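> In case you want the letters, here they are:
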Amino acid sequence: MRLVKRSPWLMGLGVLLAGLVTAPGARGDVTSDESGTLIIFPKVVSDGVRDTLIQLSNRTNSFVQVHCFYINASGTCSLTTDESCEIDADCPTNEQCIRVCNATNFELALTAQQPVQWRVSTGRLTTIPSAPCRPGQNCQCTVDTSGQLVCPGLLIGQNQASFVPPVGSQFVGELKCYQMNSDGDPFPGNALKGTATIEDLSSAQISEYNALTVAANADVGGGGLNTDKELRLNWTGTGAGELNYCPASLVFTANAEGVTDAFTGATISTELTLVPCSELIEEDLPAPVRVRFVGYNEFEQPLSIEAFSFDCFLNRRLADLPVSGGGVFVNGNQDLWKIRISPRPINVCYSGSNRGSSCTQHSDCGTNVQTGPGGTVLGCLPASGVLGVAEEFYSLGGSVGTAAFNLRHEGSRSGFGDIITLP
Amino acid sequence: MKKMWQAAARMGVGAGVALVAMAGIANARSTTNRPASIVVWPKIVVDTSARWLVAPTDTRLMLSSTNASGIKQAHCFYINATGHCSNDGAGCRDATDCGGRGECVPSWNETDFDVVLTQEQPLAWYASDGLARGQFPLEGPFRCNAPFVNLQCFSDAQCPNNVGCNTGQSNLGSAIPPVPEDPFIGALVCIQFTGGSQSVPDQTATRDKLYGDATILTGLNPARYNAVGLEATGNPVSNGQLVLADGGNYASCPGVLILSHMFDGAVDPITNNVAIQYISDLTLVPCSNDFSTQTPGRSVAQFLVFNEFEQRFSTSRTVDCLFHATQLSRIDTRNPARSIFSAGVAGTLGGQTRIRGVGGVSPLGSGLLGVAQANFPTGTLSSAAYDLHQQGNGRSDLMILP
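Protein chains in written order, with the working numbering: chain D, 10 to 432; chain U, 104 to 505.
Just so you know, the hints here were simulated from the structure itself, not pulled from any lab data.
Every value quoted in this text rests on a predicted model; they were computed, and no experiment measured them.
Hints should not be assumed to be uniformly reliable.
Listed below are several chain U residues computed to face chain D (Cβ distance under 10 Å; list not exhaustive) [unchecked claim]:
id	residue
1	Arg132
2	Glu223
3	Thr318
4	Leu320
5	Arg327
6	Ser363
7	Gly368
8	Asn375
9	Ile379
10	Ala446
11	Gly454
12	Thr481
13	Ser485
So these bits of chain U aren't anywhere near chain D, every CB distance computed over 10 Å [unchecked claim]:
id	residue
14	Val157
15	Gly192
16	Gly203
17	Gly205
18	Asp215
19	Ala235
20	Gly237
21	Pro263
22	Ser341
Backbone N, C-alpha and C fix where the C-beta goes; we use that ideal spot for every residue, glycine too.
Assemble the whole structure, with the sequences as input and the hints as a guide.
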């Protein structure tokens, strides 16, 4: 009987120590240089021209289980279905850009401090045994008869089964993963960190960025991360809340689209990728995003795009913001732009017959308003926060050099924050 | 009585732990995500004659202000870490740049300058060129105040009757020199000042308004990274000594840097072409520097390397002013094939390396900052720079201003 007696004091101490050990962020911020419980790779490309190498690591000395979902964000016009699109303006008049944004789920496990990597198009197989590389030999992966990658190393999984599934060669979208416990529920271990390398298949030009991570509140008894299958990004770093809030705005400095680099003579173009902080995986619905762009050039002159809308994912050159060929942050408007991207302070219907419309209450969203797994009504909610990454292209004489970089974050959202519903 | 003592002890310990936990959460450390008051570019390379690298190389630096109203001044220090070969005096990064005929003798010096940024302004320059008078976007000429608004001016002294020159917000007072030699390897540190006649390190409500970027251009190949920021705490700086610590003037440097990397010699898993193999380089700089006596920070970087099998290896190297490993597999040996950073030795393609700065010369600390670059050196050069991850707060570091 003595053995099963539990001390509330020790439990409290344990919770506090767990909080101390696992809380990596100093504040309630999304970061790209700390580990977290939720990790986001905003730009994953496997389109036959480029492919992506994902590196995912466990920062802790504990065994970690991870649940991931690829979100395929390719879009087509509502009537002209053979035409791909990013936003409605890319489609013929009176047509809409329809993004399916369906998720492909998979799970994996990482041992203490373990780094793993995989090629997105092929995925990676678990093979037992997998012999290590040897000095003097080429250290490389092979492609299995199933088309999946087999690499030297250790993966925890069923032999000859996918450690990570392949996405094929027509994928553009994002990858989100969260740490979970053995029951499959989100676990606030804050152990995950990663990088993505996007590579041109013909020239081997690479761009690399750090994945974005969101720390979770380990204070389970005090309103921290729970098991209701709704990840709420509503934590300031202290008090109640599940995961850190998304930033109030993103900011980055870019060369004006089309400007000539004086050192190389190359023409520079920048591609911006944005993903919503909110994600309706369980309901299989794209999250509506409403943002405002404000840019300042080196002469302190401002330009803005006031109301820009997209669903689920945006991957667009500055030359095409706000519309194709009609970019404002371009060469003719000076050489350098500092651009701030902020979610608009409005409410939007996340589901229902009026999905995507501005609203003030749930009833504005019409019929079939859905409810999340934890009971949150997915009707009239604040427009989603955004996260992103950018990539520069230096073009000269048919050759292209590339470089990706992380965006800066300013402030934190407040109030409801964001929501990710899990299957 | 005994039970009461135990209860009190438990409460005390619990409260203590709670305080420690709270302190751990409340204190900040360096960031590559947020604007800050100290901005550090750990790696700047200029090699316009391609003496070190396969193609002419320059670094394009960006410094931006997020301040919505008013100017911000950045007081900056180029740190020249270029060594010189013992045989011919040529610039070098390590002995391999001396052609095997001499040693690379390390050297260190700093050059400081000021940049004045107007509200929300981005600025960019090439490290090889700098920005001279006449090259800044907002330098005038301006107009004298009424009633002499038709007169052009650059300063108050040029306007009659002491009416003053209406400069508004401008870059006047800025001058960015070129880096002092070519080839060059070094770092840049900029500290946000309040500006004006009594300019001091900015601990006002509008601190933390600067961020920086660097793009290393080797031929047509760009490698861009975010400069590292250290946020101000609001505690005024005294005697020109900037304390980077919990309870100090600025955020702590990280306790541990974490580098995700492919091991050197790993065949690119994307193309699976054995001719395309990863070679990564790493640059580390100390958080501490004594700019007043030209004494660079110095510490020992301990490397703890994990492969996919969870096996670990370790090594260490001294970081004196700036440490640049032209390839990871030269950190621990002159024979890269036998390095713990080599894929053949590590046994797997990918690795994770934890880097901790220890030692340090009092009163300076031992914290480190850094940046990495993945390279495919064969065929058409391809590379990508990326920021390191971090964990925990380091101990106290110190920057001493001249």
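> Hint by hint, say whether it matches the structure.
Comparing the hints with the structure gives:
{"no.": "1", "hint": "Arg132", "result": "holds, 6 Å"}
{"no.": "2", "hint": "Glu223", "result": "holds, 4 Å"}
{"no.": "3", "hint": "Thr318", "result": "holds, 6 Å"}
{"no.": "4", "hint": "Leu320", "result": "holds, 5 Å"}
{"no.": "5", "hint": "Arg327", "result": "holds, 4 Å"}
{"no.": "6", "hint": "Ser363", "result": "holds, 5 Å"}
{"no.": "7", "hint": "Gly368", "result": "holds, 6 Å"}
{"no.": "8", "hint": "Asn375", "result": "holds, 6 Å"}
{"no.": "9", "hint": "Ile379", "result": "holds, 5 Å"}
{"no.": "10", "hint": "Ala446", "result": "holds, 4 Å"}
{"no.": "11", "hint": "Gly454", "result": "holds, 6 Å"}
{"no.": "12", "hint": "Thr481", "result": "holds, 9 Å"}
{"no.": "13", "hint": "Ser485", "result": "holds, 5 Å"}
{"no.": "14", "hint": "Val157", "result": "holds, 13 Å"}
{"no.": "15", "hint": "Gly192", "result": "holds, 26 Å"}
{"no.": "16", "hint": "Gly203", "result": "holds, 24 Å"}
{"no.": "17", "hint": "Gly205", "result": "holds, 30 Å"}
{"no.": "18", "hint": "Asp215", "result": "holds, 23 Å"}
{"no.": "19", "hint": "Ala235", "result": "holds, 15 Å"}
{"no.": "20", "hint": "Gly237", "result": "holds, 14 Å"}
{"no.": "21", "hint": "Pro263", "result": "holds, 28 Å"}
{"no.": "22", "hint": "Ser341", "result": "holds, 24 Å"}
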